[in-house]
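Chain residues, written in single-letter form:
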Amino acid sequence: MAPVAYRVTSRTRETEDTVTIGIVPVTESIPTPAAGQFCMLYAPRVGEVPISVSGVEASQSRLLHTIRAVGAVTKALCALDVGDVVGVRGPYGTAWGVEAAAGGDLLLVAGGIGLAPLRPVVHEVLRRRRRFRRVTLLVGARSPDEMVFRGEIASWQASARMEVRTTVDYATAAWKGDVGVVTTLIERLTIDPEVTVAMVCGPEVMMRFAAAGVMAQGVAPQRVLASLERTMQCGIRRCGHCQLGGLFICSEGPVLPWSRVAPLLARREL
Amino acid sequence: MKTIAELIAEQRFFRGLDRDSLDLIAGCGRNVHFAVGQRILTAGEPADAFYLLRSGRAALGFYVPERGTVVVDTLGGGDVLGWSWLFEPYRWQFDADALEPVSGVAFDARCLRDKCEADPRLGYLLTQGFARVMLGRLQSVRLRLLDVYGTGSGTR
Amino acid sequence: MPSRESDIATPRLVIDVAGLQSLIDSLRGDGYRVVGPTVRDGAIVLAEMSDVAELPRGWADDQRPGGYRLTRREDGAFFGHSVSAATWKHHLFPPEVVSWQARVDTEGIHVEAPAAPARYALLGLRACDLAAIAVQDRVLMQTAHPDRDYAARRERALLIAVNCAAPSGSCFCTSMGTGPRATAGHDLALTELVGDGEGPARSAQVPAGAERNDAGAGHRFLVEVGSERGAAAISALRASPPSASDLDAAAAVWSSAAARVDRSLDTAGLPGLLMRNLEHPRWDLVAERCLSCANCTLVCPTCFCVDLREAGGLDPRHAEQHRVWASCFSVDHSQLHGGSMRWSARARYRQWMTHKLATWHEQFGTSGCVGCGRCITWCPAGIDITEEAAAIRATDGLTGPPTRARG
Chain A
1 MAPVAYRVTS RTRETEDTVT IGIVPVTESI PTPAAGQFCM LYAPRVGEVP ISVSGVEASQ
61 SRLLHTIRAV GAVTKALCAL DVGDVVGVRG PYGTAWGVEA AAGGDLLLVA GGIGLAPLRP
121 VVHEVLRRRR RFRRVTLLVG ARSPDEMVFR GEIASWQASA RMEVRTTVDY ATAAWKGDVG
181 VVTTLIERLT IDPEVTVAMV CGPEVMMRFA AAGVMAQGVA PQRVLASLER TMQCGIRRCG
241 HCQLGGLFIC SEGPVLPWSR VAPLLARREL
Chain B
271 MKTIAELIAE QRFFRGLDRD SLDLIAGCGR NVHFAVGQRI LTAGEPADAF YLLRSGRAAL
331 GFYVPERGTV VVDTLGGGDV LGWSWLFEPY RWQFDADALE PVSGVAFDAR CLRDKCEADP
391 RLGYLLTQGF ARVMLGRLQS VRLRLLDVYG TGSGTR
Chain C
427 MPSRESDIAT PRLVIDVAGL QSLIDSLRGD GYRVVGPTVR DGAIVLAEMS DVAELPRGWA
487 DDQRPGGYRL TRREDGAFFG HSVSAATWKH HLFPPEVVSW QARVDTEGIH VEAPAAPARY
547 ALLGLRACDL AAIAVQDRVL MQTAHPDRDY AARRERALLI AVNCAAPSGS CFCTSMGTGP
607 RATAGHDLAL TELVGDGEGP ARSAQVPAGA ERNDAGAGHR FLVEVGSERG AAAISALRAS
667 PPSASDLDAA AAVWSSAAAR VDRSLDTAGL PGLLMRNLEH PRWDLVAERC LSCANCTLVC
727 PTCFCVDLRE AGGLDPRHAE QHRVWASCFS VDHSQLHGGS MRWSARARYR QWMTHKLATW
787 HEQFGTSGCV GCGRCITWCP AGIDITEEAA AIRATDGLTG PPTRARG
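From first to last, the protein sequence lines are chains A, B and C.
Per my numbering, residue 1 is the first one in the first sequence, and the count goes up by one each step.
Per my numbering, residue 271 is the first one in the second sequence, and the count goes up by one each step.
Per my numbering, residue 427 is the first one in the third sequence, and the count goes up by one each step.
FYI, nobody ran anything at the bench for these hints, they're computed from the structure.
Keep in mind the model is a prediction, meaning the values are calculated, not measured.
Just so you know, not all the hints are guaranteed correct.
To be verified - Coverage of chain C stretches by chain A, computed from C-beta distances (three or more under 8 Å per stretch; other residues unrestricted):
| id | region |
| --- | --- |
| 1 | 520-532 |
| 2 | 756-762 |
| 3 | 800-809 |
The beta-carbon is built from N, C-alpha and C at its ideal position, and this holds for glycine as well.
Between the sequences and the hints, there should be enough to build the whole structure, so can you do that?
Here's what the structure looks like:
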């Protein structure tokens, strides 16, 4: 499956190793991704890699992807300039299903770059804020410098349309947010378990603690959604790399209810 | 105007405690308020109280020469602040400052220690509550030690 | 399953060795590349062929856990061997293909039309091989995003099965319900009836000029037609209707082959058994023997894992992606930034076997194993998937450190 050409129209450095690129179709475009889905991004002549969609501007078919440079392909993607061509396939995978949380409370827990796939959820909620009751976003990062979308987080906080708490493992003198792991913020919340849907995304260990924290407040595991990460090369159930038990994370995931993944994640090296 | 006992009964730290115990503990408490930037505890000073934060945020830190105060934890509404009052030599190990206007209840350490001595059951309940808080903080620190956000190197 | 012996809907006819040669000739004339078994480097492999003389006539094979040896047979059978060492996957799902190529410039990614893949007539497929192709069809075609190259090869391919008469010591098709007789998926299914003293009774039907093969008196093939394409392929052949003795002889081949399969795998509740024994000490024991060499995944006719690799070359405007076989036995198969998800051989063997026998059902509604036994034969350590499954079944629920027999 060959990628479709998109052009880079914006490039924002989020942290030392993370960049957000905005891309628009050169001619042909892919279907509009739903919050939680990912695309296979192709750095010409380097390779492809799955990247969560971190923003959708449907009116302009403009997509945002936030990429952390950890390997050859992601480094090449992070090095793209405005005007450069990038290949896109997708969108693939399951979505958060923001609509399912309408009428109730929404708790978003993000760790590190895990905020990227949750960002479209925030946008969707803010667009139709009255459809939801309490909306809370907890953001954790290693340090203030490593927190993505800091400017936008500050504007969300300032708007007071949702409760936003940020925390870092290691603070600097200028840091005004919390210090400590993101999961400690959960126990300080008052959660209405019957109507709350929790969406967690971050490193797997962090998600395990976050899910445990949310469930300790009475939220059923079916109402806790997590976005999993596994090696993916195709995105379409064909390369075989992303299997976790019987799941192809690229298709049955990345967003899955905790009730489904907990027994699988509990097995080492599955 | 709520009584101290009513105020603390709402807090998760005291959740499940019977009325008599709450009254005993409340008898050692008084309402306190700290302005932004105000010092709550200072490392090395006598640990003569512990605090239950009802609202606002406080930072727990340590002064490191050349770096200034390094914040290691932040506490918010519902959290307890300070456990050095429980153990010899009853001196604070860390500094705590108000990051936001803080309202809470301060419990006199000697008063509580005396009541715990006289009523081991109360002492047990209180010690158990603090043990739970310490466990949570320890786990939080351990999770940070895992450095889950650490930069790995990938193949792609 | 209805008895095919009484299935009169399947057209049947008989050809002799010259008729087989004529079939090969006419397929080649129709633009097919005919691929069949042949002897090379001491093993029966698959190669493009044009003459029946290239078939492994008079050869048999002795296959057992960790062992493979060719032996002679006296009856001159062309297909008197078990499954080939290599799999037909090489032709329908090759080890490396170009998945797409494009010219990349500042105006976009200009994908070039893919070249049409070869048109193969695969001659000599066993029932287990057909079953494996049916499994790959499910994985690669009957999905939301079919593999274009596989679908093109598959659509163009003609599948000519030759019913197995000589199952090896590694075979367990009868346990998997896949053989030894071909009952589905073939365009043509042949049953080789080696000459048995009936004499050149059918010499009248041998076309002039076909005598060069000197096929031997009475050496013939019962041909069962499985598709219209198969019917078309033999429409021009000189053939005769099968006699009662032909049908009896064929039935004897089928039943004796089935009786000779002596390895078995108990599939009752197998997915559940394996998935509730993910911490069974048997995984530790097998990991001590497993070399993580990936031989089993290479010879497995259903393994489908691939890497997608950039292979653009030197031209700065040319990009292409290759689809290359991958194996779950390599550490980097599950590599995520930071490390591998399955760093131990134990986890990798467990992944392979549970996928094959358990989670495949959940994913594709079928077992991933067809009982061909290649993974058993070609494992340098002689690890036997049927023995591993039986060991877990015998000690269902066991956990803790492995205990070893001393001696």
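Hint check results:
1. Closer than 8 Å: that is the beta-carbon criterion, and the region 520-532 of chain C has 6 residues meeting it against chain A, so the requirement of 3 holds.
2. A stretch counts as covered by a chain when three or more of its residues have a beta carbon under 8 Å from one of that chain; for the region 756-762 of chain C and chain A the count is 4, and the coverage holds.
3. As drawn, the region 800-809 of chain C meets chain A at 0 residues by the rule of a beta-carbon pair under 8 Å; below three, the given contact is violated.
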